[in-house]
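Asks: Residues per chain, in single letters:
There are 4 protein chains.
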Amino acid sequence: MAGDAADTYTTVGYSSPSFSAGLRPAVLVVDFQLAFTDPRWPLGGLPLIHAARDRTADLLGLARERDVPVAACYTAYGSLADMPFWKVKPVRDDFFYGDPCTEMDPKIHDARNFTYCKNAPSMFFQTPLITFLVKQRVDTVIVTGCTTSGCVRATIVDAFSYGFRVLVPDECCGDAEEGPHRANLADVGRRYADVTTMAEVVKYLEALSS
Amino acid sequence: MAGDAADTYTTVGYSSPSFSAGLRPAVLVVDFQLAFTDPRWPLGGLPLIHAARDRTADLLGLARERDVPVAACYTAYGSLADMPFWKVKPVRDDFFYGDPCTEMDPKIHDARNFTYCKNAPSMFFQTPLITFLVKQRVDTVIVTGCTTSGCVRATIVDAFSYGFRVLVPDECCGDAEEGPHRANLADVGRRYADVTTMAEVVKYLEALSS
Amino acid sequence: MAGDAADTYTTVGYSSPSFSAGLRPAVLVVDFQLAFTDPRWPLGGLPLIHAARDRTADLLGLARERDVPVAACYTAYGSLADMPFWKVKPVRDDFFYGDPCTEMDPKIHDARNFTYCKNAPSMFFQTPLITFLVKQRVDTVIVTGCTTSGCVRATIVDAFSYGFRVLVPDECCGDAEEGPHRANLADVGRRYADVTTMAEVVKYLEALSS
Amino acid sequence: MAGDAADTYTTVGYSSPSFSAGLRPAVLVVDFQLAFTDPRWPLGGLPLIHAARDRTADLLGLARERDVPVAACYTAYGSLADMPFWKVKPVRDDFFYGDPCTEMDPKIHDARNFTYCKNAPSMFFQTPLITFLVKQRVDTVIVTGCTTSGCVRATIVDAFSYGFRVLVPDECCGDAEEGPHRANLADVGRRYADVTTMAEVVKYLEALSS
Chain U
1 MAGDAADTYT
11 TVGYSSPSFS
21 AGLRPAVLVV
31 DFQLAFTDPR
41 WPLGGLPLIH
51 AARDRTADLL
61 GLARERDVPV
71 AACYTAYGSL
81 ADMPFWKVKP
91 VRDDFFYGDP
101 CTEMDPKIHD
111 ARNFTYCKNA
121 PSMFFQTPLI
131 TFLVKQRVDT
141 VIVTGCTTSG
151 CVRATIVDAF
161 SYGFRVLVPD
171 ECCGDAEEGP
181 HRANLADVGR
191 RYADVTTMAE
201 VVKYLEALSS
Chain E
1 MAGDAADTYT
11 TVGYSSPSFS
21 AGLRPAVLVV
31 DFQLAFTDPR
41 WPLGGLPLIH
51 AARDRTADLL
61 GLARERDVPV
71 AACYTAYGSL
81 ADMPFWKVKP
91 VRDDFFYGDP
101 CTEMDPKIHD
111 ARNFTYCKNA
121 PSMFFQTPLI
131 TFLVKQRVDT
141 VIVTGCTTSG
151 CVRATIVDAF
161 SYGFRVLVPD
171 ECCGDAEEGP
181 HRANLADVGR
191 RYADVTTMAE
201 VVKYLEALSS
Chain R
1 MAGDAADTYT
11 TVGYSSPSFS
21 AGLRPAVLVV
31 DFQLAFTDPR
41 WPLGGLPLIH
51 AARDRTADLL
61 GLARERDVPV
71 AACYTAYGSL
81 ADMPFWKVKP
91 VRDDFFYGDP
101 CTEMDPKIHD
111 ARNFTYCKNA
121 PSMFFQTPLI
131 TFLVKQRVDT
141 VIVTGCTTSG
151 CVRATIVDAF
161 SYGFRVLVPD
171 ECCGDAEEGP
181 HRANLADVGR
191 RYADVTTMAE
201 VVKYLEALSS
Chain S
1 MAGDAADTYT
11 TVGYSSPSFS
21 AGLRPAVLVV
31 DFQLAFTDPR
41 WPLGGLPLIH
51 AARDRTADLL
61 GLARERDVPV
71 AACYTAYGSL
81 ADMPFWKVKP
91 VRDDFFYGDP
101 CTEMDPKIHD
111 ARNFTYCKNA
121 PSMFFQTPLI
131 TFLVKQRVDT
141 VIVTGCTTSG
151 CVRATIVDAF
161 SYGFRVLVPD
171 ECCGDAEEGP
181 HRANLADVGR
191 RYADVTTMAE
201 VVKYLEALSS
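Chains as they are written, first to last, in this note's numbering: chain U, 1 to 210; chain E, 1 to 210; chain R, 1 to 210; chain S, 1 to 210.
Treat the hints loosely; a few may be bogus.
[Said to hold, decoys possible] Interface residues of chain S toward chain U, partial, derived using beta-carbon atoms under 8 Å: (1) F114; (2) Y116; (3) T131.
[Stated by the list, open to error] Sample of chain E residues with no beta-carbon within 12 Å of chain U, all distances over it, derived: (4) E103; (5) T115; (6) E200.
[To be verified] Rough simulated footprint, nothing fancy, chain U against chain R, three-plus residues with beta-carbon under 8 Å: (7) 112-118; (8) 130-138.
The set of hints was computed from the structure by calculation and includes no laboratory data. The structure displayed is predicted, hence computed values, not measured ones. Beta carbons are placed, not taken as given, at the ideal position from N, Cα and C, and that holds for glycine.
The task is simple: from the sequences and hints, build the whole structure.
Replies: And the structure:
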């Protein structure tokens, strides 16, 4: 497996000890919009994504209770003119401002959180997220959402690039298949983030606020 | 295999027909600096990266002959204070302004091209690249370099996000192991880019300028 | 006056000859939302802004006729948590997602154009605009809107920074007072943009498409 | 004068009470490179800029003593190909990687600080600065440098846009002429920043660390 102690990555210096999480976390939620969680849409019936949505809903309950900032996004466009060259047909067909597929999943949405529209894979790419995080003095982001091998991966890379400590609770990220989910967590765990479990993240949030 | 016609991704609408390449390409070269190409450094002895460097050097010869814009980058920092939380030990140890490991590989470097310093995985993240591409009126980028499962992947995602057409010639991208190389090309080929061969890219560049 | 031939700026090398406009223009429209054009709101009764809105509406008529891409924006936030530290009280009071003051002025709005939400002074700062412009292969932007000494100035600086040629038709930009309007046009005309008239811009657009 | 209580801006809601400075400041230093401080170069002999350089050098002495993070930048390009369309002739003639005019002024430079190259007016535009500030957990930036009506203004706007509290000590910013210096401080003081004095900033830094 990619994460084995004996792989080439580890031998040359990847996967070195993790950085401990910081003092001021936020939870980021990638694309839990109806397009990905409601079977009425082509991408909406994938069981690993439904499971991740449910685990993330649990985590958000705790985050809200402890006043941890939460930012959630959905993807939408004005028209094809401002849309990157997506090779995912349902995005080209449906992801437009005001389309029902861009509404947030009701298990995820909460009016107290920051919910905004993004237009690229990463939650950070040309969005208000960095301003929200700087203003809340966040130093650590917990990345959740879908899909691990697409927008979640892109969000992790940008969070790292901006200088945040990045935690990824495995069960809170979903994908169409298990293979790319695992492979992408291995890629980012070697370089950018601490891939961890929901239990560990819960423990971290509880310890912080006590 | 991840790219099979029968996988879940294809079934739900990923991997839809490619966009044809545009009229004004540029070649982007990720991190072919000595740290990755000279065995004096811990990351410098990986054969798949050496092979990709050699194929990219061939491609750059053609690009220069045809006046196709080329941008190449290396990664370096002032100190740990401006460096993201890298889990790759050699980056933390050596990737500093002026360190010999940040010099470009001599097979790649050419004073006529734009060579600049980046500070995150993506060649686009907070760098002058987008200005260079807008000013040259580029609509298509050909992404080469190392590593496929790290900085090349991040660069592809950002190129797509900015609205460029993205071509990835397989042989011009290198990694520590074949598995993550393949898996990442499958991920991006489903969503963001046309993963192709060096022969196809050569044919495209020759057709453009004839 | 700031633009005099004899000023210190000119003597040391500012204000050197302009770059000619390019082949593929777009019109950018900054913040002609009801907050700035409808006297029901505190910022909505300024005559220089009303005049600029009317001139811009005329220009947009021509742009649409000639298939010149148009992007228009308004400013809005989720809550104070994602809002920069504005010292403009009406922004802090009213500029929220869904508030009527964030609706576009009816003389400006057209469903065929790209209209989006921004969250900072510049139309480019963390918004989808750059993707829209790259995808349309734009090389020249014509900046209009309000206020000249605030969001228009910020948009001009970013358009220049991204490598676009920048035209500013004086009559299409409005402000609370004439002094800061003039002073900001002088600042940007020395460095970043060709400050011109609506008549010149009309001539340019007509010449292009004939 | 533009800042008068009775002006139109104040009447409609600009210039509302300032936000107090935060707990974790950094000092930003814009473009005190030889091109602007050494009379050997066309832009290098302006007395208001020399004075601002001297005051900033004093402030940096205090900042270093108190372990306040400092980031300083200079402007340089690879060639005209990656340079925006500057209308300032000396920039087009001399501001290239390795040119002596891009060296930092010796009264400003200190190897313990973060010094980096930028390629646009703003110190933030596509540079590593935001990563440095996030990693140091900065919430307040003190902007110094030259010129007030050019790169300093652009830096203030971006610092505000990212969600930082912004302080501008008047005497630490310099320009070719007094008029545009004053006018730009009035513009930003109405909207984005607290324009203050060096004495107030010194008092703030001393109070923080005692």
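Asks: Hint by hint, note whether the structure agrees.
Replies: Evaluated hints:
1. F114: It is violated, given that the least Cβ distance between F114 of chain S and chain U is near 12 Å, above 8 Å.
2. Y116: violated, 14 Å
3. T131: holds, 4 Å
4. E103: holds, 19 Å
5. T115: Check passes; 20 Å lies beyond 12 Å.
6. E200: holds, 17 Å
7. 112-118: holds (count 4)
8. 130-138: holds (count 5)
Violation of the numbered hints given earlier is confined to hints 1, 2; the remaining hints are satisfied by the structure.
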